[in-house]
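Chemist: Sequence:
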Amino acid sequence: VDFCGYKRSTVAIAMNFLDRFMCTKMGRKQIRSKKSYQLAAMTTLFMAIKLFETVQMDVGLMADMSRGIYKPERILEMEKTILDGLEWRTNGPIALTFVQHFMSFLPSSVDPAISAAIMEQARYQTELAVCNYDLIQENQSQVALSAILNAMEALGGKALPFKTRNEFINNLEKHSNGVTCEDAETVRQYLEVLATAAVQTPLESIMEARIRAFDQEDSDARSIYSGEWSTKSKKHNKQEASPVCVSRQ
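For the sequence shown, my numbering gives the first residue as 1, with consecutive numbering after it.
Warning: the hint list may mix true and false statements.
Ranges of calculated distance between the beta carbons of each label pair, as one might list FRET restraints [stated by the list, open to error]:
{"no.": "1", "residue 1": "E192", "residue 2": "K7", "range": "21 to 29 Å"}
{"no.": "2", "residue 1": "N166", "residue 2": "G5", "range": "37 to 45 Å"}
{"no.": "3", "residue 1": "E182", "residue 2": "G68", "range": "50 to 58 Å"}
{"no.": "4", "residue 1": "I136", "residue 2": "L83", "range": "18 to 26 Å"}
{"no.": "5", "residue 1": "R67", "residue 2": "E182", "range": "44 to 52 Å"}
{"no.": "6", "residue 1": "N91", "residue 2": "V193", "range": "38 to 46 Å"}
{"no.": "7", "residue 1": "R67", "residue 2": "R8", "range": "35 to 43 Å"}
Straight-line distance between alpha carbons at most 25 Å, and here's what the computed DMTMM-like set of lysine to aspartate or glutamate pairs gives [said to hold, decoys possible]:
{"no.": "8", "residue 1": "K29", "residue 2": "E79"}
{"no.": "9", "residue 1": "K25", "residue 2": "E87"}
{"no.": "10", "residue 1": "K80", "residue 2": "D19"}
{"no.": "11", "residue 1": "K35", "residue 2": "E79"}
{"no.": "12", "residue 1": "K29", "residue 2": "E77"}
{"no.": "13", "residue 1": "K29", "residue 2": "E73"}
{"no.": "14", "residue 1": "K50", "residue 2": "E87"}
{"no.": "15", "residue 1": "K71", "residue 2": "D19"}
{"no.": "16", "residue 1": "K163", "residue 2": "E185"}
{"no.": "17", "residue 1": "K80", "residue 2": "D111"}
{"no.": "18", "residue 1": "K163", "residue 2": "E87"}
{"no.": "19", "residue 1": "K7", "residue 2": "E185"}
{"no.": "20", "residue 1": "K158", "residue 2": "E173"}
Because the hints were derived from the structure by calculation, they are not lab data. Just so it is clear, CB atoms sit at the ideal spot from N, CA and C, and this is done for glycine as well.
With the hints as constraints, model all of the structure from the sequences given.
Modeler: Next up, the structure:
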């Protein structure tokens, strides 16, 4: 997504589709085959781009990224299967969505620069959460709150006084049903570990490690992540990947 200029939140949406699909009867059938699972993963990314990016990725380009392992027809067939499995529910919130919503509960007295710093750090931690299998079953709202609280703590009491932080928590718990700081403690610890590890391990490497762990025995399929496809992708017909608003199609 970085190569194509897409938002990283699109990856989180794609993983949300994939995880939910794998919990369905149709999805469980895909787990039996590594290539079927990989095709499902590529297809959910294709779907997320179609739905939430303004620049469309042609299905032919997505097939090219697989170096010919998956034909466009198979990707489109898997797309229909996933949509049926999800019952066409493709607009569920991700952790970043909750972060953006929860940030509205910050007191108006908070400096915009401080607010922006909290938002950026929380956004980064939600990206790290996408890479961690242990957080799959956690509510996205709890992941979001945990990321915000960690970001606030990292700023310290001088930049964000404890009184202001407590006011934010009281506003949030008052208006957000079922979201509490106590329930977020375990997730906060997970995110702290991930953030600490990410200082030495870039996010891209974490994602690549997750891919290799799943597909380490399949050298042909693994080659699509080697970066070799980038040269081929650059030669792709620009008209086929021209900026097109999906909502207008």
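Chemist: Please go over all the hints and tell whether each is borne out by the structure.
Modeler: Tested hints:
no.: 1; hint: E192 <-> K7: 21 to 29 Å; in the structure: holds (25 Å)
no.: 2; hint: N166 <-> G5: 37 to 45 Å; in the structure: holds (40 Å)
no.: 3; hint: E182 <-> G68: 50 to 58 Å; in the structure: holds (51 Å)
no.: 4; hint: I136 <-> L83: 18 to 26 Å; in the structure: holds (21 Å)
no.: 5; hint: R67 <-> E182: 44 to 52 Å; in the structure: holds (49 Å)
no.: 6; hint: N91 <-> V193: 38 to 46 Å; in the structure: violated (31 Å)
no.: 7; hint: R67 <-> R8: 35 to 43 Å; in the structure: violated (24 Å)
no.: 8; hint: K29 <-> E79; in the structure: holds (15 Å)
no.: 9; hint: K25 <-> E87; in the structure: holds (12 Å)
no.: 10; hint: K80 <-> D19; in the structure: holds (16 Å)
no.: 11; hint: K35 <-> E79; in the structure: holds (15 Å)
no.: 12; hint: K29 <-> E77; in the structure: holds (15 Å)
no.: 13; hint: K29 <-> E73; in the structure: holds (19 Å)
no.: 14; hint: K50 <-> E87; in the structure: holds (17 Å)
no.: 15; hint: K71 <-> D19; in the structure: holds (23 Å)
no.: 16; hint: K163 <-> E185; in the structure: holds (20 Å)
no.: 17; hint: K80 <-> D111; in the structure: violated (47 Å)
no.: 18; hint: K163 <-> E87; in the structure: violated (45 Å)
no.: 19; hint: K7 <-> E185; in the structure: violated (28 Å)
no.: 20; hint: K158 <-> E173; in the structure: holds (24 Å)
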